[in-house]
Structures are given as C-alpha cells and as structure tokens.
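Enquirer: Listed here are the chains, written in short residue letters.
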Amino acid sequence: MIRLSIIEFNEVRYRYPLSDYEVLKGVTFKIKRGDKVALIGTNGSGKTTILKHMNGLLKPHSGNVLIDGVDTRRAKVSDLARKVGMVFQNPNQQLFAQTCWEEVTFAMRNFSFPEEEISKRAEGVLKSFGLWDYRNESPFLLSAGEKKRLGLASVLVYEPKILVMDEPTSGQDVAQKKKIGELIQGFKGDAVIVSTHDLDFVARYFDRVMIVENGRLVADGQAREIFYNGSLEKFGLLEPQVVTISKGLGIGGNPLTVEDLVKEFKEGQRT
Amino acid sequence: MSWAAGLSFVHGNSFLHRLNPIPKIVLVLGLLVLSIYVFQSIAYLLILLAFTIVLVTAAHQLKRWWGTMKMAMVVALVIGLLDYVFLGNALFSVAMGLRFMVVVSAFSVFSLTTAPEDVAGVMLTAGFPYALTVAFMMSIRFLPLLAQEAQNIIDAQSARGFDMSTRNPIKMVKNYVPILVPLIVISLMKADSAGQALETRGFGYTKDVTSYNDVRPSAVDLVLVIITCIITGYFVYLKLIGLGF
Amino acid sequence: MRAIEIRDLSFAYEGSERLALDGVNLDVERGEFVVIAGPSGCGKSTLIKAINGLIPSFYGGSYKGEVRIEGHNPAKEQPHELFKVVGTVFQEPDTQLLTFSVERELAFPLENSGVSRTEMKELVEDALNRFGLSPLRHRSPSELSGGEQQRVAIAAALISKPSVLLLDEPTSSLDPRAAVEVLSVVHELNRSGMTVVISEHRLSLLLPFAHKLVVMNQGRIVDQGPPSEVILRMANRELVEVPDAVAAYLGLKELGIRFDRVPMDAHQFLDEVRPSTALMR
Numbered sequence: 223m224i225r226l227s228i229i230e231f232n233e234v235r236y237r238y239p240l241s242d243y244e245v246l247k248g249v250t251f252k253i254k255r256g257d258k259v260a261l262i263g264t265n266g267s268g269k270t271t272i273l274k275h276m277n278g279l280l281k282p283h284s285g286n287v288l289i290d291g292v293d294t295r296r297a298k299v300s301d302l303a304r305k306v307g308m309v310f311q312n313p314n315q316q317l318f319a320q321t322c323w324e325e326v327t328f329a330m331r332n333f334s335f336p337e338e339e340i341s342k343r344a345e346g347v348l349k350s351f352g353l354w355d356y357r358n359e360s361p362f363l364l365s366a367g368e369k370k371r372l373g374l375a376s377v378l379v380y381e382p383k384i385l386v387m388d389e390p391t392s393g394q395d396v397a398q399k400k401k402i403g404e405l406i407q408g409f410k411g412d413a414v415i416v417s418t419h420d421l422d423f424v425a426r427y428f429d430r431v432m433i434v435e436n437g438r439l440v441a442d443g444q445a446r447e448i449f450y451n452g453s454l455e456k457f458g459l460l461e462p463q464v465v466t467i468s469k470g471l472g473i474g475g476n477p478l479t480v481e482d483l484v485k486e487f488k489e490g491q492r493t
Numbered sequence: 121m122s123w124a125a126g127l128s129f130v131h132g133n134s135f136l137h138r139l140n141p142i143p144k145i146v147l148v149l150g151l152l153v154l155s156i157y158v159f160q161s162i163a164y165l166l167i168l169l170a171f172t173i174v175l176v177t178a179a180h181q182l183k184r185w186w187g188t189m190k191m192a193m194v195v196a197l198v199i200g201l202l203d204y205v206f207l208g209n210a211l212f213s214v215a216m217g218l219r220f221m222v223v224v225s226a227f228s229v230f231s232l233t234t235a236p237e238d239v240a241g242v243m244l245t246a247g248f249p250y251a252l253t254v255a256f257m258m259s260i261r262f263l264p265l266l267a268q269e270a271q272n273i274i275d276a277q278s279a280r281g282f283d284m285s286t287r288n289p290i291k292m293v294k295n296y297v298p299i300l301v302p303l304i305v306i307s308l309m310k311a312d313s314a315g316q317a318l319e320t321r322g323f324g325y326t327k328d329v330t331s332y333n334d335v336r337p338s339a340v341d342l343v344l345v346i347i348t349c350i351i352t353g354y355f356v357y358l359k360l361i362g363l364g365f
Numbered sequence: 468m469r470a471i472e473i474r475d476l477s478f479a480y481e482g483s484e485r486l487a488l489d490g491v492n493l494d495v496e497r498g499e500f501v502v503i504a505g506p507s508g509c510g511k512s513t514l515i516k517a518i519n520g521l522i523p524s525f526y527g528g529s530y531k532g533e534v535r536i537e538g539h540n541p542a543k544e545q546p547h548e549l550f551k552v553v554g555t556v557f558q559e560p561d562t563q564l565l566t567f568s569v570e571r572e573l574a575f576p577l578e579n580s581g582v583s584r585t586e587m588k589e590l591v592e593d594a595l596n597r598f599g600l601s602p603l604r605h606r607s608p609s610e611l612s613g614g615e616q617q618r619v620a621i622a623a624a625l626i627s628k629p630s631v632l633l634l635d636e637p638t639s640s641l642d643p644r645a646a647v648e649v650l651s652v653v654h655e656l657n658r659s660g661m662t663v664v665i666s667e668h669r670l671s672l673l674l675p676f677a678h679k680l681v682v683m684n685q686g687r688i689v690d691q692g693p694p695s696e697v698i699l700r701m702a703n704r705e706l707v708e709v710p711d712a713v714a715a716y717l718g719l720k721e722l723g724i725r726f727d728r729v730p731m732d733a734h735q736f737l738d739e740v741r742p743s744t745a746l747m748r
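Protein chains in written order, with the numbering used here: chain A, 223 to 493; chain B, 121 to 365; chain C, 468 to 748.
Read the hints as simulated data drawn from the structure, not as lab findings. There may be inaccurate statements among the hints.
[Claimed, not checked] Selected chain A positions facing chain B (in silico; Cβ < 7 Å):
hint, residue
1, Asn277
2, Phe318
3, Phe328
Just so it is clear, CB atoms sit at the ideal spot from N, CA and C, and this is done for glycine as well.
Given the sequences, and given the hints that come with them, work out the whole structure.
Expert: Listed below in structure tokens is the structure:
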C-alpha cells in the first residue's frame, strides 16, 4: 500500500516528566510526501517540542506519532533518526570530533554504512558545502556560519528521507539564508519541516504553513492564504513587510516576495 | 513542578524568607547533625521530617518542595533497598532512606527561602574574597543552564543515530566523548559570555563593594542561632553519654 | 567631544593571522544612532568589543590604532573602569544576566562600584519604573521571556548612567515581536539623547530611525552614511539584508512610480505611495 502521509500526529499530548503543565494539547496533522512545511509561532509555543516528537526524542503522553507508518513509541531514536534527519539550532551541541571529516562521518558510522559509501558521501558533501579544505581541521576552529553548515552537512550526508530543522536562519547573514533556502527547495527527500520565526524566509521558500500557539495547532494551510487572512495578527505574529505593503496598496494575488509584488503591481497597472 | 523546583530560590514574605541567612545556615547544620549523627530511629527521623514540612508550609512553598521530594523519595527508596540487600537490617535501611529525605528537605527549605546573593553577602562579611563569592553565585546560576545543555546535547547526538545503550564497559566510556566534549565546549563558551558580562558590569572596579541587602545579623538572629546550637548540642551530649534515639 | 572616535584600528585575535579589524575609521557623534551590519565574520562584534574595552583587555592579540570613547582610551583602561561611560548588551539573553532576580541584576553593577545602599535602592527603583520592569522585580532571569531578559540587560547596562549604549546582535535569539519590543526601547533611549551603536542583521526594524548605517566586510568598513543612501548602494551586493520595503521601492521606481524619499519600512512605503497612485484592483 502506498502511504500518502509520511508523518502523522494524532491528538498528541505532551507533558515534561515530573510536570503538570501540558506543552502540547492535542496536536493533529498529516504531512504528505513532497510537503515543505514551516511551523511558525512565538518562542515557547511548542514548535520545538513538536519537532522532537518526529524522531522519537520525545514520546507523546497520549495520542501517537507515525513516521512512515511506524509508531514512534515502539521505535528507537537511533532507528527513526535514519529516516528523519534533524538539524538543531545550535551546532555547538553536536560538534565533538577531532576533524571535520570525522564529524561528517559520525552519523553514517552509527548507521553502519559500508566504508566506501562513507568516504564517497563525506567527500561529496564537504565539497558541496565548501568545507573540503577543512576536512582535517578541528570543527572548533570554524566560524559560526561554517559550523552551522557543517552541522547541516553532517545530516544531509546520510540522505534522510525527512529533513527537520529548528530555526535554521537564526543569526545567519543574507548569503547563508539564501543557501539554506535553496537547499530546502532542492531537497530530494520526502518532506522538509522547519520551525522558524523568520516569516520573510517562510514566505519565500515554503508553501505550507502551520501556526502553533500555546501547544495547539491553530492554523494549517497554504502560506499565501494564511499570511493574508489575518491569522498572523490574530496569533501575535509580525506580518512580513511584503504583505503589509501589498495589502496597503490593494494589490491582488497575495504576493509573498518582492519580485511577485512588483509583478502583480505591473499586472494591476495594465488593467 | 520539576525536581529542581524545591532547590531554587523563590521570593516571598514569610518569616523564613525575611530571616537572615545565618540562623538558617545554622538550622540546616543542626538538622544535618541530628539526622545523620544523633537520631537513628525512624520515629525521631520522622519528627525531623515533619519539622521541615512545617517550615516549608510556613514559607508557602509546599508545591515546589514536593516537586523535589518526589525525586528524593525515589532516591531514598534506592538507598534503602541497597542497604537492605547488603546489610539485611530492614529498620536500618528505612532509617537510611529517611535520613536522605530529611537532608534533602532541609536543603530545600533553605534554598527556597534564601536568596543566593544573600548567602554570597554572608560569605563576604565572613571574610571570603569577593571574587570567590561571585564564583559561588555564578556556579549556582549556571548549573541549571548546563544541565539543560547536557540534555540538548544528548538529544542532538541521538538524532544522528548515536545509541548510548551498551553493555560493553569500554564502549560505555567512549560513549561519553560525544556528550562531554560539546558540554565542555559550551560550558567554556558560556563562561566566556558570563566573563564579558561581569567585566562590563563593573566587576573589579573597586575592592570596596557594597551590598543591596543588609546581611548583618540582628540580635534576634543571634538568639535563634544560640537556641539552635543549644538544642542540637544537648541532643549530641545525650547521645555521647549513651542514650539511644 | 565626539562620543566615539576610531582611527586606523586593526586587530587580530591571539593565534590568528587573519585581521578581524583592518584599518577601521569611524566617528560617532553624541546622540547618534549607528547601525553596524555585514556578513558573519565581518568584524561587527569585534568592533563593539574594541569600543567597550574587552579588546584588548579580555582578548589578547595584536592591536594597532586608536579608539576614544567619550575621551577615554579603552586600550589603557579596563572594561570594568569604562562601564560608567559605556554600557553593553550582548547577544545571548540568558548568560549576561548574572543574578537571581531582576532587582538584584540592576543592583549588581552598583554593588561593584561601591555605591551606598540608599542610593542603590533609589537608582534601582528608578530603573525598574523607567523600563517597565517593576512587576518583574522579584522574578528570576531564567523565567523571563527573551524580550524581557534583554530589557533587563539594557536596564542593567545603563544603571551606572553611561552616555553610550552598545548592543551586539541583541535580537538574534528573539522572535520578531520581542525584537520590536526591545528595539523600541533602544529607540526611545536614543530619542532622549543616548548615543547608540548596534550591530544587527535585521535592518528593517532599525533603518527607519537610524542616523548612520555602517557596512562592514572582512574587517573593513566598506560603506557608511545615512541609511537611505547606503542601503541603495547595498542592493544586489548580498552583504546586508536589504529591507523588502527598499527592494519594493526599487522595483516600483522602475515602473515609473515617483517617490519623495526612500522608504525604510512598510509604513514609510505606504506613506509615500498611497497618496500619489491610484491602483486599486
């Protein structure tokens, strides 16, 4: 049977151990093959908690999470991690090896990839991320931006089917954000899920948006619709400038980027 | 409530909150002496525990205290079981478990009602160098942050397929490298940040630092200290002359 | 006297050959609001540390050139002597808050400078009111939201009444709402006369009220001047984030729309365009 949804959250509720407070209060959604989803919401809304349920780091108190049909409560994190590659916000939390090469091959060794496979992929990913010159250097000598690239490379190298990222653009400059966006667009796996509060980035690179507030999923739909139907304001999120301008000028077509805005404006002028 | 809830300071206006740190320190020491050295029987240990519960209630922090005590009970159970397995004396084992709980409870009462800055203030008046008292405060301040980071690191490495479960002792030691190295690096980075903050907030400007709160003990505080010492001393004396508790 | 004067400043961190700062020249007048922007590693943070004295005291390395902050020389005075002249707010909200309550956090710099208890209580009360922190006074810094933490950091940096405020990517870890909250506090401070130097990536929140935009790359200042002029020169260079309002301005200008001035954010944009164009669909 071909399963359409590769990630399913069914009424997921979550409480931290020894705590009464419910961080997730019944979250339900399905992610299909090919989806590129942005989870947005204020800090503390539960976005990261939702991400951590996707590779089994956290298991729901009630409800369940299915990754490609597998219930996360019955699977080991190390097994789920083979399918779901997760990149955390702070690369310093994972860098530990003597060289960048060792760092990049860590995951593949954990998954028992054959040696030639490991070398081939490591070389490929280091080159495409511009880190080949550092392969024998300590990862601790890299700049902050390079560290983040290394973290990303270490996950993409083993080609997980699903890519999950927590605040990939925080603290990044223009060029770095662009590279990350292009990477997301070009990702050949089954799905990309990103938690972020960078709405300009979301507007440019994502079609589907889910708003998380206070542990609940309060909106789920196309970015074009959600950014224009007042949901952002309703849930205390800052509207991207493109949206403000386009609403203020009465431009149709719900543009999400400046290029689209200018294009729509041109169309509007002709009529 | 997390298990650390009973070990963090919470502002309040109860008698214990407003009390100078010195009598509170002496009280905890007295409870330690009584529970560890003097009292052996379960009945007396329960009385001590009850006493700490009265104090916590008076300070209105029962909920947080309970968060910590739940975890303490688990550890107390382990201690009791281990003692029973190795020594076979059921009453002694229960007493050991209770002893642990009294100690944790005493610390909890103290931590909940005493601002670390005031403890540092007492250290300063006692003659400790300022840098040391600041270092003491910093370690309390950053320990919870580092504990959180440790968990984040375990999560990040698990997410790369790192499996910590193994029976091989050599592998067990090796397994700590991907956890310890990032933790040490992050700790150093946080120390660097904290250091920069200390410098730019004037730490080191003068040796004559002042303190926001007055931590000099009043007459009432000294009386309380004396009373605690007398009571504790009396019980120690009774024990020394052979009375059993 | 100028607030800040930097002449031919060059610096390389200990053990590194690369120049983190390469012949930097910058003047900041009193009351100016200066934004420093540029790609990661361009030297923004290093420049800020050279102004408050962390460089060269806290970070060894090769130091050439001169810096004057309100007449003081940070190469000769330690940061803990300069803190009454310049206050600094750092990127990480949590690690720069060193105590266990907001009240004590504000008192800490005063304790360090030996201020009397009565004066301390007054100054702390004052600051709590001024920054809207009174309801939070007994709260532990770790319990606060990112925006609240940065507001506390600002209040603590300013408690010793410096005339210059430095901020090193203060909104990096904040969500947009919190960023707006914090930056509006900074804007208010500048309106009442404080000299502000802030390094940031999110320019759209700052350019509407900044006096000067300084763009750095690889340790050098590549451009500086009024934001509306500099940002236009930065379009298509991928060194700094060009606010969407500016990109929209450039796009619409090509289509023939007339603008009186370059809008720095959506509101300024709509002020410019609405009166002069009828294009309702």
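Enquirer: Would you list, in rising numerical order, the hints stated earlier that this structure does not obey?
Expert: none
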